[in-house]
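J.: Take a look at the letters that make up each chain.
Protein chains: 2
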Amino acid sequence: MSKNKIYKPRPISGFPEWLPEIRRVEQQWLDHFRKIFESYGFCSIETAAVEEIEVLLAKGETDKEIYTLTRLQADEKDKSDARLALHFDQTVPFARYTALNFNNIVFPFKRYQMQKVWRGERPQLGREREFYQCDIDVIAVDNLPLHFDAEMPAVIYEALDGLDIGRVQIKINNRKIICGLLEFLNIDEVILTTRIIDKLDKIGEDEVRKQLASEINLEDKQIDLILQLSIIKTRNPVELENEVKKLNVDNEKFDEGLKELVFVLKQLQHLPEHAVIVDLSVVRGLDYYTGTVYETNLLDIPEFTSSVCSGGRYDDLAGGYINKHLPGVGISIGLTRLFGVLLENGYIKNKKMSPAEILMVLPSEDRRMQAYQTAHALRKNGFNVEMYHAPQKIKKQIAYAEKKGIKYVWFPPFDDEGEHEVKTLDTGEQKKTTPDSWIINEKS
Amino acid sequence: MSKNKIYKPRPISGFPEWLPEIRRVEQQWLDHFRKIFESYGFCSIETAAVEEIEVLLAKGETDKEIYTLTRLQADEKDKSDARLALHFDQTVPFARYTALNFNNIVFPFKRYQMQKVWRGERPQLGREREFYQCDIDVIAVDNLPLHFDAEMPAVIYEALDGLDIGRVQIKINNRKIICGLLEFLNIDEVILTTRIIDKLDKIGEDEVRKQLASEINLEDKQIDLILQLSIIKTRNPVELENEVKKLNVDNEKFDEGLKELVFVLKQLQHLPEHAVIVDLSVVRGLDYYTGTVYETNLLDIPEFTSSVCSGGRYDDLAGGYINKHLPGVGISIGLTRLFGVLLENGYIKNKKMSPAEILMVLPSEDRRMQAYQTAHALRKNGFNVEMYHAPQKIKKQIAYAEKKGIKYVWFPPFDDEGEHEVKTLDTGEQKKTTPDSWIINEKS
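As they're listed, the protein sequences go chains H and X.
Take 259 as the starting number for the first sequence in my numbering and just add one per residue.
Take 259 as the starting number for the second sequence in my numbering and just add one per residue.
One should not assume that every hint holds.
No copy is singled out in the list; a pair is fine if it fits within one copy or between any two copies.
[To be verified] The calculated DSS-like cross-link candidates involving lysine-lysine, where the alpha carbons are at most 25 Å apart (straight line), are:
#: 1; residue 1: Lys491; residue 2: Lys263
#: 2; residue 1: Lys607; residue 2: Lys293
#: 3; residue 1: Lys582; residue 2: Lys661
#: 4; residue 1: Lys293; residue 2: Lys661
#: 5; residue 1: Lys582; residue 2: Lys263
#: 6; residue 1: Lys266; residue 2: Lys582
#: 7; residue 1: Lys653; residue 2: Lys511
#: 8; residue 1: Lys609; residue 2: Lys503
#: 9; residue 1: Lys689; residue 2: Lys610
#: 10; residue 1: Lys701; residue 2: Lys638
#: 11; residue 1: Lys638; residue 2: Lys524
#: 12; residue 1: Lys653; residue 2: Lys609
#: 13; residue 1: Lys479; residue 2: Lys457
In short, the hints are calculated from the structure, not lab data.
Please model the complete structure; the sequences and the hints are all you need to start from.
T.: Put into structure tokens, the structure is as follows:
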């Protein structure tokens with residue numbers, strides 16, 4: 259026993275950590291996202307965990323969430339790192355990275371980025387201080403075809419649909435429609451108004467009506483038209499066009515938004531019926547988005563009520579950092595947030611701690627070399643094999659495999675005349691084999 | 259053009275970032291490490307980026323490298339995150355994680371961890387402020403078989419040998435040998451003495467002799483024996499035993515160390531001749547290690563002179579955090595450090611920016627649906643396919659594929675009577691195909 263003075267560590271609130279068997283699932287999710295993102299040609303980048311504070315604050319607003327860095331015993335003369343802070347999302351770093359590397363990037367630039375970000379918020383379930391975000395964006399110089407707006411939901415649907423979390427539904431809208439309507443109605447308070455509309459699903463029609471009247475002083479006729487538009491939900495491009503045109507809004511931006519939205523919806527007809535829906539109340543709080551916007555809901559997970567994954571089209575990614583016009587479209591999965599809620603509610607059940615498929619038993623000291631060689635041969639053929647290094651009781655070795663979730667226990671010959679045997683733990687079946695025949699069988 | 263005020267970002271010294279084509283190579287390295295680690299049954303964990311400062315300082319010494327966190331606009335009443343700092347390695351977090359989750363872990367606990375760590379050092383090539391470490395450790399309760407000491411170099415050799423960086427050589431020693439010798443010679447200054455011996459390869463015999471005399475006041479006879487021991491280098495266990503026994507050192511710890519080292523060396527005879535060497539001058543500065551120690555050199559990369567990967571056996575991992583005796587053995591690859599030096603010296607040459615293997619050409623607007631369907635079918639069969647969304651000149655589309663390093667350009671039929679064709683960019687060869695026959699051919 260150690261006789262040191264003991265400092266008993268505590269979990270740090272807001273900084274989630276998983277046991278190995280849960281981390282395995284998280285890693286499988288990350289791998290799956292990566293596979294889908296790469297299958298559409300998105301390339302990986304990672305940016306530094308830190309940014310200059312000036313870069314992070316270029317857009318304002320978020321300053322209270324930022325963690326700044328200080329060296330515990332900084333050299334007084336060295337001020338080089340005085341102004342660093344941890345990034346709180348991946349959009350600002352992506353914009354800064356693109357500006358910095360502009361001449362070495364081929365556009366349209368399709369990138370994915372799966373890193374941890376940090377926010378000094380008050381921690382609560384689904385709102386951590388450290389969490390993974392998984393983002394994809396496409397940006398181009400001056401012009402980006404609208405077809406990319408349709409590619410985003412296709413990619414995201416494939417990414418989320420592969421997770422075994424029930425039905426995924428992507429809600430789509432185009433901010434030009436509501437902005438055009440407000441223009442048509444001579445309403446200037448675009449940000450405030452859209453923020454209220456965005457709450458339609460949560461607070462209901464009556465409350466939206468009340469807030470639009472009390473907070474923005476809109477007239478009943480204005481509110482009527484806004485609500486008639488906002489309640490439209492459809493999967494059908496023809497129906498969408500008909501319903502919206504009934505409102506008789508005469509505005510150029512409005513028409514452009516509708517045309518774009520119909521176009522995007524048409525491109526998504528190959529996805530399952532439930533996968534996509536146009537919902538004209540989805541307008542996203544951020545004025546940052548200028549066209550298509552997305553939100554994503556899980557239809558079969560009642561505990562997860564907010565959007566898993568959101569994003570949209572923006573006019574200019576990096577205007578604050580470079581004198582180029584870089585329009586883009588992107589979407590972001592809040593991985594840790596989703597994962598944490600699913601875990602908490604019992605949807606994530608993996609109990610396999612070890613990546614090994616086979617535990618190589620060591621029957622006795624004199625069989626060690628044969629056990630090693632067998633393990634080695636299996637590894638060379640792509641199997642994950644953990645070696646039990648101590649020649650303890652066979653029962654103990656099998657129990658170890660069971661506790662670690664290892665499927666097969668391999669017994670090398672117990673003597674020179676013996677044969678290899680493999681036991682499948684969940685069925686209890688045990689049969690004779692050889693490394694060669696095992697490799698051939700399992701690979702076919 | 260944007261009319262915003264522009265804040266031109268600069269690269270942040272010590273926080274390396276790669277272009278997509280270089281990030282691809284880094285990701286391939288990480289994937290390769292992971293594959294090898296998992297093939298030996300190591301499981302993945304990730305710990306929070308932060309630790310309580312008290313946890314980080316439990317071992318003292320490193321305080322000046324630590325970055326502490328402050329919320330930019332902290333709530334005055336909320337002191338919950340007042341004492342956090344970024345981790346500077348993965349050993350302290352691993353020890354803390356093990357102590358915290360002790361009852362939910364199956365021992366021996368084999369884990370790998372590949373995360374970024376942060377040190378507020380003065381940046382220079384090969385010494386960054388943010389870098390990836392790739393660590394493997396095995397820990398057990400009370401006893402860990404010595405065979406794990408031999409498994410470590412086998413794993414690390416496979417991991418590094420797969421990187422196409424020339425010959426890898428792992429130097430092995432056992433600290434008990436030198437500590438036993440110092441005991442035998444009645445020398446108390448173990449840390450100081452071993453630190454001088456450790457520099458033998460760099461500063462040479464004469465300088466070591468001088469420093470041992472001037473800094474620790476050792477007598478010539480003592481120094482002679484230390485040097486006779488330290489210059490021993492061999493691949494052969496029998497030779498090792500003979501050479502060391504010639505010194506006639508009568509000390510129990512010394513004998514134990516030799517026995518362990520011979521044992522480990524014998525287990526590694528299956529590795530190539532150059533892969534392993536016992537070098538009795540390798541003692542590692544840290545008194546933290548208590549038995550086997552490792553260092554790793556690249557024999558064919560003269561620009562990388564220090565150890566790529568080091569580690570050893572320790573008596574007690576988490577004694578500062580839990581009242582349990584947890585001996586272990588571990589090794590750590592300084593990935594970013596190695597990667598940065600190789601990149602700087604032209605050893606890393608990948609120029610493939612995109613993960614896509616195929617660019618799907620869009621010949622004209624009316625072929626769009628067919629192009630999409632073809633891309634979709636290929637993706638479903640495991641190919642990475644980027645779609646060119648704008649029906650621009652074919653030449654422009656091919657040039658795009660070339661710039662992104664995409665190998666094949668796929669032309670869907672230009673009209674209803676046409677056929678699919680695929681051009682291989684590096685050979686210029688172009689031939690007719692169908693999605694079905696392509697999938698069958700490429701997969702076989």
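J.: Now look at each hint and say whether the structure bears it out.
T.: Structure-based check of each hint:
1. Lys491 / Lys263: This pair counts as neither: shortest intra-copy Cα distance 64 Å, inter-copy 40 Å.
2. Lys607 / Lys293: Both: 23 Å inside a chain and 24 Å across chains, each within 25 Å.
3. Lys582 / Lys661: Between. Shortest inter-copy distance 21 Å satisfies the 25 Å Cα cut-off; intra-copy 57 Å does not.
4. Lys293 / Lys661: between (30 Å within a copy, 22 Å between copies)
5. Lys582 / Lys263: between (59 Å within a copy, 12 Å between copies)
6. Lys266 / Lys582: This pair counts as between: shortest inter-copy Cα distance 12 Å, intra-copy 53 Å.
7. Lys653 / Lys511: neither (74 Å within a copy, 35 Å between copies)
8. Lys609 / Lys503: Answer is neither: 54 Å inside a copy and 50 Å across each miss the 25 Å cutoff.
9. Lys689 / Lys610: The answer is within: 23 Å in one copy meets 25 Å, while 47 Å across copies does not.
10. Lys701 / Lys638: For lysine 701 and lysine 638, the Cα distance is within 25 Å both inside one copy (13 Å) and across copies (21 Å).
11. Lys638 / Lys524: between (49 Å within a copy, 21 Å between copies)
12. Lys653 / Lys609: Cα proximity of lysine 653 and lysine 609: one copy only (21 Å, versus 53 Å across).
13. Lys479 / Lys457: For lysine 479 and lysine 457, only the intra-copy Cα distance (20 Å) is at most 25 Å; the inter-copy one is 85 Å.
When each numbered hint is compared with the structure, violations occur for hints 1, 7 and 8.
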